Amino acid sequence: MQTFFQTLFTGLSDGAIYGSLALALVLIYKATEVINFAQGEMAMFTTYIAWSLITHHGFSFWPAFFATLAIAFVGGVALQRTIVRPLERASVLTVVMATIALLVILNGLAAWIWSPQLQFFPSPFPTSSWVVGGVHISKQDVGTFGVVMACVLVLWLFFRFTKLGLAMRAGALNPDAARLLGVRTSWLLALGWGFAAALGAVSGMMVAPTVFLTPNMMQAVLIYAFAAAVLGGLESPVGAVAGGLGLGVMLNMLGQYVHPVTSELRLPVALAILLVVLLVKPAGLFGRVVVRRV
Amino acid sequence: MRGRAAPLWFALLVVLVVVAPFLTSNYRSYQLGFVAVYLIALCGLDLLTGFTGQISLGHGAFMGIGAYTTTILVVDHGWRDLWTIPVAGVVAGVIGIAFGLPATRFAGPYLALATFAIPLSLIGILKRFPHFTGGNIGKNLPQLHSEFGWSTNPSIWFYTVTWVVALVMFPLAFLIARGRFGRSLRAVRDSEIAATANGISTALVKTAAFGVSAFYCGVAGALYAIGITYVNPDTFPIDLSILLIVGIVVGGAGSLYGMVFGALFVEFIRISWGPALLDLFSKVHHVNTHAPGSGLVVYGVVLLVVLYAAPAGVAGLVGLARSRFTAVGRPGGAPSQSARTPI
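Line by line, the protein sequences give chains U and X.
Under the working numbering, the first residue of the first sequence is numbered 6, with each subsequent residue one higher.
Under the working numbering, the first residue of the second sequence is numbered 269, with each subsequent residue one higher.
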């Protein structure tokens, strides 16, 4: 029973990271109908910036964390303005290809600037753990979970209670009508990219202490995030987070209790879950079945 | 490239292929053999991406499946390497169909994210079952040697085998892209709703396109393994899948003969054009251009430049030039279709 709860907690903390990146994917998708393939690499790149602030510029963790969020936000807005916006009138496929180009460039640049070697990324949380009823709950897991959920909460409050958040929701729901009502939808898209970049930076900085910092560290996380988003129904922000938590717990439970599922098979299993969800319930757990009017 | 000119262009390609090894070194012929390998893979991927509008970031993995099929059959079961090529294609094709069946429920760009998981999963699976795949170390194939009583340089032998297969698969792709099936591919790309309204099962067409493209990549992978004479989990990284997509865009998505340019690009950007570009750059800015990652930056920048400057790729540029310089050129150039729907 102790193992069960320990696996559960590790799963929830892993899942929170998947959920945050899934939320970033869903945010951009809802606003622009574009899947940003560079989402993971943006997270990786900003995590390297945080690492460089900490190890080379004498920042301690939390100042570096918030500085990185700001840099990620500005970087996300800048990428949307320079790379994506000129393709506004092009087909969705062209925009998707541009984000793939961005993925490749960021991955290459990170290896170029910081070398592809594994780097140790400090964790802000102590390595010790609390013992509750014989179950070891690592402070690292609780901290990760708390930070990610706090970010999700802030984002939700922003969308729910601010005028800008309302404008962004309007722009995503019906761009033409929003534009007629005076909402500057193009800049809101840039803002959406900024938020997604910052959210990605959070997931990057939270995952880096456990998986170590390499240019490829987010590739697998991006797949888990996508599987989480599909599990949650792709268009639902709540679903993305819930899907992430569910996937994290599911993968850790399978790894713990199903013997043939070793760490090498973690990713194939996530892919299998994704495909099964699509076959059985394509709309996901929280999604609506989309009816298109022709 | 349709109509009466097509056989002429194909004849020209055949002549070039026959003449090339007499004009270049053996090593260059060996490289040109890989151009044929990439041509096969790109033709398959173009049927999926260019004609059906489904981006895949995972087709390098289908090359990997083909390569492993060939290696396992040759090394563990004593097959002759040439006979494994169709088997490799079929195995990759069947796995492609199995994956395509649920994956094609995604609309548009979602498929690409799901396919992104294939190369990463394949590496995990290869390492998980070492008694079957050779694990981290992989497996070695016998050295390249000419067969059927023809004694020639191994490079020339490889060149001959790859181009014979490519010159069968290339026109076959034209046949697939024509007719009823080809039309339904394009219908799915241009409007899924209109395609459905006309009685096309979009899921079926997408799955079939996925299977055909995986078959092509499996064949290409078999030849690739025969050429490099080893396979291991790092032989088919995600970079290869991305490079294939870059090759499609550079050649001109939706144009099959553009894939010849795409294949030349994929082979030579890695070994000569990319490093040359970087050297040029390092003369202007004093940075270390031989650092890891610099090659990837080149692919990415080339992809972006092509997307902005020539969204229809080399094929689009050729079409544009033809319509400008010949009175008979149709407005918009010969590959008008790819010029209209750039990827």
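Incorrect hints may appear among the rest.
[As the list claims (entries may be wrong)] Listed below are the simulated SDA-like cross-link pairs for lysine to any residue, each with C-alpha atoms no more than 25 Å apart in a straight line:
no. : chain 1 : residue 1 : chain 2 : residue 2
1   : U       : K286      : X       : A463
2   : X       : K395      : U       : V274
3   : U       : K35       : X       : K395
[Stated by the list, open to error] Ranges of calculated distance between the beta carbons of each label pair, as one might list FRET restraints:
no. : chain 1 : residue 1 : chain 2 : residue 2 : range
4   : X       : Y576      : U       : K286      : 55 to 61 Å
5   : U       : T8        : X       : I461      : 47 to 53 Å
6   : U       : P265      : X       : P410      : 32 to 38 Å
7   : U       : V140      : X       : D547      : 40 to 46 Å
8   : U       : W135      : X       : H345      : 35 to 41 Å
9   : X       : D502      : U       : F125      : 47 to 53 Å
10  : U       : H141      : X       : P410      : 27 to 33 Å
[Stated by the list, open to error] To give an idea of the interface, some chain U residues facing chain X are shown, with a C-beta separation under 10 Å as derived from the structure:
no. : residue
11  : M6
12  : L92
13  : E93
14  : N112
15  : L185
16  : V188
17  : I228
Just so you know, these hints were derived from the structure itself, not from any lab.
These figures come from a predicted structure and were not determined experimentally.
Every residue gets a Cβ at the ideal spot worked out from N, C-alpha and C, and that includes glycine.
Right, here's what the structure says about each hint:
1. U:K286 - X:A463: holds (24 Å)
2. X:K395 - U:V274: Between K395 (chain X) and V274 (chain U) the Cα gap is close to 14 Å, so the pair holds against 25 Å.
3. U:K35 - X:K395: Roughly 37 Å separates the two Cα atoms, so the pair is violated.
4. X:Y576 - U:K286: 55 to 61 Å: With a Cβ separation near 40 Å, Y576 (chain X) and K286 (chain U) fall outside 55 to 61 Å, so the hint is violated.
5. U:T8 - X:I461: 47 to 53 Å: For T8 (chain U) and I461 (chain X) the Cβ distance comes to about 51 Å; the hint holds.
6. U:P265 - X:P410: 32 to 38 Å: At roughly 33 Å between Cβ atoms, P410 (chain X) and P265 (chain U) fall inside 32 to 38 Å, so the hint holds.
7. U:V140 - X:D547: 40 to 46 Å: Given range 40 to 46 Å: violated, Cβ gap about 59 Å.
8. U:W135 - X:H345: 35 to 41 Å: violated (56 Å)
9. X:D502 - U:F125: 47 to 53 Å: violated (24 Å)
10. U:H141 - X:P410: 27 to 33 Å: violated (53 Å)
11. M6: violated (29 Å)
12. L92: Result: holds, 7 Å to nearest chain X Cβ.
13. E93: violated (13 Å)
14. N112: At 6 Å from the nearest chain X Cβ, N112 (chain U) passes the 10 Å test, so the hint holds.
15. L185: Not OK, violated: L185 (chain U) not within 10 Å of chain X, min 26 Å.
16. V188: violated (25 Å)
17. I228: Hint on I228 (chain U): holds, closest Cβ of chain X at ~4 Å, below 10 Å.
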